[in-house]
Structure formats: C-alpha cells, structure tokens
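Asks: Guided by the hints, dock chain B onto chain A, whose structure is given.
Protein chains: 2
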Amino acid sequence: MSFDMSDELQGWERRDKPPTLYRRFSFERYAQTRAFLDALSVLCDEFKRHPQNISFGTTYVNVTLEPADDKVFASQDETFAARISALAEQGK
Amino acid sequence: MSFDMSDELQGWERRDKPPTLYRRFSFERYAQTRAFLDALSVLCDEFKRHPQNISFGTTYVNVTLEPADDKVFASQDETFAARISALAEQGK
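Listed in order, the protein sequences are those of chains A and B. Numbering-wise, this note's numbering puts 46 at position 46 of the first sequence, and it's gapless, one number per residue. Numbering-wise, this note's numbering puts 85 at position 85 of the second sequence, and it's gapless, one number per residue.
Bound-form chain A, shown alone (with noise of 0.2 Å):
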C-alpha cells in the first residue's frame, strides 16, 4: 500500500523509523497556542484519536503524529493533519 503525500499535507514533515508526520506550528501570542491547544483536543475527541506527541511552549506547538494502523500512513491520517492544520489557519 502506498502513500503520496498530497497538497493537504503541505507543512508536515515525514519522518521515518517509525513512520510520523512532524509539523510545527507557531503563534504570535500564547492565547493563540492556547487557542490551537484547545481546538486540538476537540478535533482528538471527535477523531477518537491522539497525536503521538505535542510538544509546546508559549509561542509554538509541534505536533507527532503516527499511523492510525501503527504501521503505514493512509487517507485517515492524512485528513486528521489537514483538520489540524486548519485549526492553526483559524487562530491567526
């Protein structure tokens, strides 16, 4: 099965062993990372999924995200970083 990565996925970082989808997104100000912070959690509960790791200070956050197989990367994942992406669009 393979993978393309698409114009959606444009800003993340493909990353292997193991396979992850790195972006990081930075803001002007903290209550916009908190903003993105908060958004993000929503987008997870109605995904029923987490990023493998967020890492965030006052001004950024780096987002990990790893295959909702474990394995290989496929439209799911691509369309949970798209979704994610967006929520950094709408706080700026």
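Simulated from the structure, these hints should not be mistaken for lab results. No experiment lies behind these values; they were computed from the predicted model shown. Every clue listed holds true.
In the SDA-like style, the derived pairs of lysine to any residue whose C-alpha atoms are separated by at most 20 Å in a straight line are:
| hint | chain 1 | residue 1 | chain 2 | residue 2 |
| --- | --- | --- | --- | --- |
| 1 | B | LYS17 | A | GLY57 |
| 2 | A | LYS48 | B | ASP38 |
| 3 | A | LYS17 | B | GLY57 |
| 4 | B | LYS48 | B | ASP70 |
| 5 | B | LYS48 | B | GLU66 |
| 6 | B | LYS48 | A | GLY57 |
| 7 | B | LYS48 | A | TYR30 |
| 8 | A | LYS48 | B | TYR30 |
| 9 | A | LYS48 | B | GLU28 |
| 10 | A | LYS71 | B | GLY57 |
Replies: Okay, now just chain B, sitting in the frame of chain A:
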C-alpha cells in the same frame, strides 16, 4: 544566591545549561492526562507564567520549567513546581 532542593521538589530533576527543572508525570488514561493539562493551564494563568516546554502523549506529560528570572531558581519557582506536582496527585 543559592537554591536548595527541598522536599517540595521531590520528583523534579534539575538540569543545567540552561538551568531547568524537569519532571515526567504518568497517567493511566487519557482522561487523566487531559484533566492534568487543563488544570495546569489554569495554574499557569494564576501564576502568569508558563513552563518552558510541555510535551505530552496519551498517558504522559513531561514538564520543563525555567527560572522565572531566566537565570537562577528561587522560591517562587519551587512553589510553582510544587503546585504542578499537586495537580498531578489530585488527578489520580
């Protein structure tokens, strides 16, 4: 100015270059992790300060604190760290 590690900082690991305090909190379920993160967010508002970094996954939260004055840890940092530890205890 010196800084003695007290009982309040039990569980926290002191790191240098730059000076930070680090502690990993583990939880059994995501709901507990989420509750801790939410309580931590409220605490940060109360103290008007934020950890240098918070890194979390489904069942863990790693917290890294820097000194409030950016140079040397003092009693206010110790209080902040102890309050964070207390939040984790409440959630268990």
